[in-house]
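Chemist: The lines below spell out each chain.
There are 4 protein chains.
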Amino acid sequence: MEIVSDYKWEKGQTIQRMVEQFGSLGFQSIQLNRASEVAIKMKREGAKIFLTFTSNMVTSGLRGFFAQLISLGMADVIVTTVGGIEEDIMKATGERFIIGNFKVDDLALHEQGVNRVGNLFIPNESYEKFEDKLNAFLELLYAKKPRWAVSELLKEIGLLLDDKDSILYQAARHNVPIFCPAITDGAFGFHLYLFQQRHKDFIVDVVEDFKNIVLCISYDDKKGAICLGGSISKHHALLACLLNGGINYAVYLTTARDTSGSMSGATTDEAKSWGKIKDDSDAATVIGDVTITFPLMMAAALEQLETEGLLQHG
Amino acid sequence: MEIVSDYKWEKGQTIQRMVEQFGSLGFQSIQLNRASEVAIKMKREGAKIFLTFTSNMVTSGLRGFFAQLISLGMADVIVTTVGGIEEDIMKATGERFIIGNFKVDDLALHEQGVNRVGNLFIPNESYEKFEDKLNAFLELLYAKKPRWAVSELLKEIGLLLDDKDSILYQAARHNVPIFCPAITDGAFGFHLYLFQQRHKDFIVDVVEDFKNIVLCISYDDKKGAICLGGSISKHHALLACLLNGGINYAVYLTTARDTSGSMSGATTDEAKSWGKIKDDSDAATVIGDVTITFPLMMAAALEQLETEGLLQHG
Amino acid sequence: MEIVSDYKWEKGQTIQRMVEQFGSLGFQSIQLNRASEVAIKMKREGAKIFLTFTSNMVTSGLRGFFAQLISLGMADVIVTTVGGIEEDIMKATGERFIIGNFKVDDLALHEQGVNRVGNLFIPNESYEKFEDKLNAFLELLYAKKPRWAVSELLKEIGLLLDDKDSILYQAARHNVPIFCPAITDGAFGFHLYLFQQRHKDFIVDVVEDFKNIVLCISYDDKKGAICLGGSISKHHALLACLLNGGINYAVYLTTARDTSGSMSGATTDEAKSWGKIKDDSDAATVIGDVTITFPLMMAAALEQLETEGLLQHG
Amino acid sequence: MEIVSDYKWEKGQTIQRMVEQFGSLGFQSIQLNRASEVAIKMKREGAKIFLTFTSNMVTSGLRGFFAQLISLGMADVIVTTVGGIEEDIMKATGERFIIGNFKVDDLALHEQGVNRVGNLFIPNESYEKFEDKLNAFLELLYAKKPRWAVSELLKEIGLLLDDKDSILYQAARHNVPIFCPAITDGAFGFHLYLFQQRHKDFIVDVVEDFKNIVLCISYDDKKGAICLGGSISKHHALLACLLNGGINYAVYLTTARDTSGSMSGATTDEAKSWGKIKDDSDAATVIGDVTITFPLMMAAALEQLETEGLLQHG
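So the sequence lines, in the order shown, correspond to chains A, B, C and D.
Numbered according to my numbering, the first sequence spans residues 23 to 336.
Numbered according to my numbering, the second sequence spans residues 23 to 336.
Numbered according to my numbering, the third sequence spans residues 23 to 336.
Numbered according to my numbering, the fourth sequence spans residues 23 to 336.
These are computed hints drawn from the structure, not numbers from a lab.
Keep in mind the model is a prediction, meaning the values are calculated, not measured.
Ideal Cβ positions, reconstructed from N, Cα and C, are used throughout, including at glycine.
Treat each hint with caution, since some may be false.
As the list claims (entries may be wrong) - Heads up, incomplete: computed chain D residues facing chain B, CB under 8 Å, no partners named:
| hint | residue |
| --- | --- |
| 1 | Gly48 |
| 2 | Gln50 |
| 3 | Leu216 |
| 4 | Gln219 |
| 5 | Arg279 |
To be verified - No farther apart than 30 Å at their CA atoms in a straight line, the calculated lysine-lysine pairs in the DSS-like style are these:
| hint | chain 1 | residue 1 | chain 2 | residue 2 |
| --- | --- | --- | --- | --- |
| 6 | B | Lys125 | A | Lys166 |
| 7 | C | Lys244 | C | Lys63 |
| 8 | B | Lys30 | C | Lys70 |
| 9 | A | Lys233 | A | Lys244 |
| 10 | B | Lys244 | B | Lys233 |
| 11 | D | Lys244 | D | Lys70 |
| 12 | C | Lys30 | B | Lys155 |
| 13 | D | Lys155 | C | Lys233 |
| 14 | A | Lys233 | B | Lys167 |
| 15 | C | Lys244 | C | Lys70 |
| 16 | B | Lys33 | C | Lys70 |
| 17 | C | Lys63 | C | Lys177 |
| 18 | D | Lys167 | D | Lys186 |
| 19 | D | Lys63 | A | Lys125 |
| 20 | A | Lys30 | D | Lys155 |
| 21 | B | Lys186 | B | Lys166 |
| 22 | A | Lys233 | A | Lys155 |
| 23 | C | Lys233 | D | Lys244 |
| 24 | B | Lys33 | C | Lys244 |
| 25 | D | Lys177 | A | Lys30 |
| 26 | A | Lys186 | A | Lys167 |
| 27 | B | Lys177 | B | Lys151 |
| 28 | D | Lys33 | A | Lys30 |
| 29 | A | Lys167 | A | Lys155 |
| 30 | A | Lys151 | A | Lys167 |
| 31 | A | Lys125 | A | Lys186 |
| 32 | A | Lys125 | D | Lys30 |
| 33 | A | Lys233 | B | Lys177 |
| 34 | C | Lys70 | C | Lys233 |
| 35 | B | Lys177 | A | Lys125 |
| 36 | D | Lys30 | A | Lys177 |
| 37 | B | Lys63 | A | Lys125 |
| 38 | B | Lys33 | C | Lys30 |
| 39 | C | Lys244 | B | Lys125 |
| 40 | D | Lys63 | D | Lys167 |
Sequences are here, hints too, so could you generate the full structure?
Modeler: This is the structure in C-alpha cells:
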C-alpha cells in the first residue's frame, strides 16, 4: 500500500528527482511518474518503440527533442501528420517560427501574412520557400523512379537535409522509418498534385507503405508506443502493432478526453478492449499539454537509461 | 445591444423554439444558436457545403443523420476518416453496434471479443464480416481498372450498397464525393495491402484525389464547412477551401480546446489567421459533445430551411 | 442488449422526442437521456430534490428556468453561491445583462465600466444599484432581530421581491430554502461587513444554517440531487444528504473532469465511494455546458411529468 | 521578436533549466515559464502574496509544499476550502492517505470504508479520528471566548498542532491568516453544529472574517495572487484584492476552461474586465493539472529567489 507523501522543494532539484517525487504526489503527477517508468521499461526490455506526434508539436520546440530521441535510440518508428513533415523541413532549411499569443487579432495577423498555431506564429514566406525546396526534392526523387512509398520518399528527403535537429535528418541516418498515412493533407499534398500533373506516372503508394509499417516489426518483437496527442498518428501506430499481436507497453500523453468516444481521447484502458494493448501490458495515460508533460516525463526516463548505459550515442 | 433573457419551458416545445431561445441564454447555448444560423445562411446563399466528421460519430447514431443530410442537399462534399467508412459499410450490411458503458472491465470485454468506443461496443465478428464484403468489392473494382482515386473507389462501393441510412449509399446516389485522406489507417488499409500483394498493379492514388478535392469546388463558389470534431477530416476540408480562395461560412463543433495549438482544437478565430476562413465570413465554434450539439443545432436549421423550401427531397 | 439507432430529423420535432432518440445515439447523448430519466424517476418516487448551481448560471438565462422549476415543484432545496443570489436580486430589481463575446479587449471593457462573465457582460452600475437595495433589505431584517441564519435571511429578501422569474421570489413563496454556505464571498459579504460595523450585534449564523440544511430532510426521505457545475453548491447538497443516509438519485451536469480529483469534476461513480450516492441509486453524469444540456434534459423530463400530472401549478 | 527554440535534454538537467527552456518551447510550456516569472516578480517587488487552493490539493502531496511555501515567506495570505483544513489536520495528527486508482469499483470501496478522491483514497477511520480531535480543539477555544472569526479559530488550531509539514502549523507560526469562506461545508461544519447545539452562544462569525481579509492588506500594498484551481478560494482572494484597488500580479493554474463562464475557468484576461487584475499587471494562466504544473513552476521560481536571497529561512 503506497502512501501519499508531501512534496518539498530542494535546492538545485533535478528533473529526475522531481519526477521521482511525483510518484507519491497525486492525480496526474502520479500518472506522469508511471509514464516515465513505462518508458524506461520499454527500452530496458528491448521493445521496438513507436513515437507518434501531431504537427503542432513540430511547430513547437519539441521538434529538436524528437530528433534527439531518434539519435539516442529511443524511437524505432515514427508516425506523424504531414504538417509535422513540412515544418521539420522548413526549420531544417532555415525558417524560424515566432512566439506570439493565444489572444490576438487574427484578421490583422492574416493581413500581415502570418499564420497562427495556438500561441506560435508561422510567416507565409516560410511556406513559400518550402514549396521551392520541395519541388527540387521531388525532381531528384522522380529521376530515380516514378513510384514511391511514403516512408521511402521521406527517407530520401531526410538524406538531403543538413540539420542535426531535424527529425527527417536523424531518422534517415538511423534507419528509423517515418510513416505519414495522410501525406496529401497539407501543402505537401498540393505540390505532389502539381508534380503529378506534369508526370502522370508519378505515384505515391500509400498501400505499399501499409505493408512497410506492418512488416517493420514482427509478431515476436516486444512493442512499445509513446503517443503524444491523438489523431491518425496514434491510431496508425496502434493498428500496426495490433496486426502484429498487440502492444506490450504504452504511454499516452494527451489533452483529449474519453467522454466523446474519440480515438484522440481513448485511454490505455479502452485500448485493452481492442487488443491494441496486450492484457499484461504496462500502460499509463497522462492528461495535460505535451509541451510540459513530455519533456518532464522523458527527461527523467533518459537520466535513468543513461545511467544504465542503454542510450545510443552517435 | 442584445440582452440575456430568462429561458422558460413551454409544453410541447420544439427543437426550433429551444434553439431560438438559446440565442439569448448565455455561454455555449448562444454559440449553438449562432452555429445554427450560420448553417442556415450557408444553404440560403447557395454555398458548397463541406461536412466533416470522425469515425466515432459513425459508430454512433449520427451515421443515419449524415446520410439524411446528404439526401436533403445539406452536404456537397464529405471528408471523414477510414474508420467511418468501415463502420458505415458494416452497418449497411447488417451489423449492429451495442450500447455499453464508459466504465467497464476492458480486459473482460477483450476476452469476449468486444471492442469499446467510449460507451459503445463493436463485436469482433462485425469486423470479420466486413473483411469478406470488402474483398468482394475490391475484386469488382479491380476488374474495371487497376488505378483508383480514393473518392472514386468509395463511390463505387456506395453504389453496391443497399441501405438508405448509409452515408456511402446516399453520397453515391447524390454525387457527393467522399474524401478520406488516410484510407489505409484502418482495417480497410490492411485489406488493400493484402489485395495489392495479389495484384501488384493495383494502385490507390491519393495524389489524384487531392486534385479531385481541389477541383470539386471553384474559386468562385461560395463555400461553407460544418466540421464535427477535429482530425484530418476538418483540416483537409479547410485546406481544399483555402486553395480555392478561402471559406465563407464555418461551423466547428468540438470538444477539443485551443490551448495546445492542435488542429482539432483550433477555433474559427484561429482559422482567420490562416485565411482558411475569409475575413468577412460568418463563423461559430461550439464546445461540446457532437452527439448532443449537432442534432440540436442542425435540426433547428433544417426546420427553417424546410419552411423556405430549400431542402431537396428524393 | 440495447442497439445504437440512427438518429433522423423529423419535421416539427419536439424536445421530448429528440431526447428519447438520444437514448440510443451514443456518447454524451446517451448520458443526457439517462439524466432525464433519473430526473423523472426522482420526482415520480417523491424524492426531496436538491437543485444546485453556480453564479454564472444565474448570470445566464437559466435563472428564470430555475425559478420556474421551483414553482413547478421540481426543486425542494436550493444550494448556490452568493454571486447567484446577488444577480438574481439585480435582475429582480430591473437590471439587465448584455450578450457579448468571449474574445474582447478586457481592458477596454474595464474602462467602460463593464464586467465580463464568459460571453456575457454586467455593467458596474448594476452592482451599484444592488448595494442600495441590499442595505435597505438589511435594515428591515435587523429591525426584526439581530441574528439570522443565511437561509432565513434569503427567504425574507425573497418575500420583499416582486418578480415571478426570480429564484428568491419563488423559493420564498414555495417554502423552498436557499442555502449559500459562503454568503460573504461577494459584494453581499462586503455589505454585510459594513452593516455589522454599524451594528456590532448583527450576526449571520452559518452554523445554524448547517443545522437547517441537515434537518430540512430526514433519514427516511428519498433524496435526489440535480447538480449543475461543481463548487461548494454541489458539495454542500451531497454532504447534507450523506448525513441523512445518502442519496437515492443523482444527476450531475458539468464541464469539469475527474482526472484532477476535484469536487467539481467528481462523477456519480466517485460519489458512491463516499456513500454520497447510495449503492442502489440511479445516477447519471453528463459532460457539457449546462446552458445546452440542462434545458434539453429538463424540458424532456417536464413533458413526461406534466403528462403524469406530477407538476405543481400555482 | 522571440523565436521558438528546439528543446534538448541535457544530462543532470535541473528544474530551473527546464523551465527556462520552456520559455521558447510553445503552447502551455510558454505559459508555465511566464507564470514562474510572474511569481518571481511578485516576490521581488514585495507584493503581499495570496495563495489559494482547493481541498483535493491538500489530499495530494502538495500539502507539505504549501506549508513549506509559507515558511519560506512565499505566501502572506491563504484562502482554501474546508476540506483542505480538515485533511491538513488529519495529516498533522498522523493520518495517512493511500495512492489508488481512478478506475476502481466504487461500491466495493464504500463497503471497505474507503473514500475516493480521484486516484487517492481516504479511509473512513481518518474522519472518525478527526472528529475526536476537532471536538477537543473546540472545547479549548470556547473556554477562551464564545465568538470567533474563522481565521482566528484556524490560527488557534494551528498553534495546537505539532507538524512542520502542516499548513495550519506554519501559518499560525508565521502570522499568515487562513481564510475559509465556507467553513461549514464539510465534516468541520457538522461538528460546529453539534457543538453549537450544546453551547448556544457559540458563534462562528463569517462577517467579521470578511473584515479581516479586507483589512489584512491595504490599498497601498502591491498585491499578488497564485490561484490553484478555482472555486471560492480563488474568488475570495481576488475579491479582497479588488476591494483594495485590484491586483498587480496574478498566476492562475487550472484545468477549468473559460467557455462556460465559470469563475474556476476565468482567465487572467477576463479578470481585467472586473478590475480584479490591474491594467498594468503581470499575469499568466496555465492550463493543466496543478500536481504537475505547480511544483514545476514554483520550484523554478524558488531557485531564482533563493539566489537573490529573497526567501525567508526559519
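Chemist: Now, for every hint given, state plainly whether the structure supports it.
Modeler: Tested hints:
1. Interface hint status for Gly48 (chain D): upheld, as the beta-carbon distance to the closest one in chain B is roughly 7 Å, under 8 Å.
2. At a threshold of 8 Å, the smallest CB-CB gap from Gln50 (chain D) to chain B is about 6 Å, leaving the interface hint in force.
3. Of the supplied interface hints, the one on Leu216 (chain D) is violated, with its beta-carbon coming no nearer than about 37 Å to a beta-carbon of chain B, more than 8 Å.
4. A cut of 8 Å between beta carbons decides the hint on Gln219 (chain D): the least distance to chain B is about 41 Å, and the hint is violated.
5. With 8 Å as the threshold, the beta carbon of Arg279 (chain D) comes within range of chain B, its nearest partner Cβ sitting at about 6 Å, so the hint holds.
6. Restraint check: the Cα-Cα separation between Lys125 (chain B) and Lys166 (chain A) comes to about 53 Å, which exceeds 30 Å; the hinted pair is violated.
7. For the given pair, Lys244 (chain C) sits about 11 Å from Lys63 (chain C) by alpha-carbon distance, which is consistent with the 30 Å threshold.
8. Distance restraint check for Lys30 (chain B) and Lys70 (chain C): the Cα-Cα separation of roughly 22 Å lies within the 30 Å cut-off, and the hinted pair is therefore satisfied.
9. Between the alpha carbons of Lys233 (chain A) and Lys244 (chain A) the distance comes to roughly 19 Å, so the proposed pair stays at or under 30 Å and holds.
10. Proximity of Lys244 (chain B) to Lys233 (chain B) is assessed by CA-CA distance (about 19 Å); at most 30 Å being required, the pair is judged to hold.
11. A C-alpha spacing of about 6 Å is found between Lys244 (chain D) and Lys70 (chain D), which places the hinted pair at or below 30 Å, so the restraint holds.
12. A hinted pair counts as satisfied when its Cα atoms are at most 30 Å apart, and Lys30 (chain C) with Lys155 (chain B) qualifies at roughly 27 Å.
13. Proposed proximity of Lys155 (chain D) and Lys233 (chain C) is supported: the alpha carbons are some 21 Å apart, at most 30 Å.
14. Taking the CA atoms of Lys233 (chain A) and Lys167 (chain B), the gap is near 22 Å; set against the 30 Å cutoff, the hint holds.
15. Annotation: proposed proximity of Lys244 (chain C) to Lys70 (chain C) holds, straight-line Cα distance about 6 Å (limit 30 Å).
16. The hinted pair formed by Lys33 (chain B) and Lys70 (chain C) meets the criterion: a straight-line CA distance of about 24 Å does not exceed 30 Å.
17. At most 30 Å may separate the alpha-carbon atoms for a hinted pair to count; Lys63 (chain C) and Lys177 (chain C) meet this at roughly 29 Å.
18. Note on Lys167 (chain D) and Lys186 (chain D): the hinted pairing holds, with a Cα-Cα distance of about 28 Å set against a maximum of 30 Å.
19. Taking the CA atoms of Lys63 (chain D) and Lys125 (chain A), the gap is near 23 Å; set against the 30 Å cutoff, the hint holds.
20. For a cut-off of 30 Å, the pair hint linking Lys30 (chain A) to Lys155 (chain D) stands: about 27 Å separates their Cα positions.
21. Restraint check for Lys186 (chain B) and Lys166 (chain B): the C-alpha separation of about 26 Å stays at or below 30 Å, so the hint holds.
22. Between the alpha carbons of Lys233 (chain A) and Lys155 (chain A) the distance comes to roughly 29 Å, so the proposed pair stays at or under 30 Å and holds.
23. For the given pair, Lys233 (chain C) sits about 41 Å from Lys244 (chain D) by alpha-carbon distance, which is inconsistent with the 30 Å threshold.
24. About 28 Å separates the Cα atoms of Lys33 (chain B) and Lys244 (chain C), which keeps this hinted pair within 30 Å; it holds.
25. A C-alpha spacing of about 23 Å is found between Lys177 (chain D) and Lys30 (chain A), which places the hinted pair at or below 30 Å, so the restraint holds.
26. Taking the CA atoms of Lys186 (chain A) and Lys167 (chain A), the gap is about 27 Å. The hint holds against a cut of 30 Å.
27. The suggested pairing of Lys177 (chain B) with Lys151 (chain B) holds, with an alpha-carbon distance near 21 Å, which does not exceed 30 Å.
28. Of the pairs offered as hints, the one joining Lys33 (chain D) and Lys30 (chain A) holds, with about 22 Å between alpha carbons and a cut-off of 30 Å not exceeded.
29. Between Lys167 (chain A) and Lys155 (chain A) the CA atoms are separated by roughly 19 Å; this keeps the pair inside 30 Å, and the hint holds.
30. Simply put, Lys151 (chain A) and Lys167 (chain A) have alpha-carbon atoms about 25 Å apart, close enough for the 30 Å limit, and the pair holds.
31. A threshold of 30 Å between alpha carbons decides the hint, and for Lys125 (chain A) with Lys186 (chain A) the separation of about 34 Å lies outside it, so the pair is violated.
32. With a C-alpha separation of about 28 Å, the suggested pair Lys125 (chain A) and Lys30 (chain D) falls inside the 30 Å cut-off, and the hint holds.
33. Pair hint Lys233 (chain A) plus Lys177 (chain B) holds up; C-alpha atoms about 25 Å apart against a cutoff of 30 Å.
34. Of the supplied pair hints, the one linking Lys70 (chain C) and Lys233 (chain C) holds, its CA atoms being roughly 17 Å apart against a limit of 30 Å.
35. Taking the CA atoms of Lys177 (chain B) and Lys125 (chain A), the gap is about 43 Å. The hint is violated against a cut of 30 Å.
36. The straight-line distance between the Cα atoms of Lys30 (chain D) and Lys177 (chain A) is roughly 23 Å, inside the 30 Å bound, and the hint therefore holds.
37. Under the criterion of a C-alpha separation no larger than 30 Å, the hint pairing Lys63 (chain B) with Lys125 (chain A) is consistent with the structure, at around 28 Å.
38. Between the alpha carbons of Lys33 (chain B) and Lys30 (chain C) the distance comes to roughly 22 Å, so the proposed pair stays at or under 30 Å and holds.
39. Restraint check: the Cα-Cα separation between Lys244 (chain C) and Lys125 (chain B) comes to about 27 Å, which is no more than 30 Å; the hinted pair holds.
40. The hinted pair formed by Lys63 (chain D) and Lys167 (chain D) fails the criterion: a straight-line CA distance of about 41 Å is larger than 30 Å.
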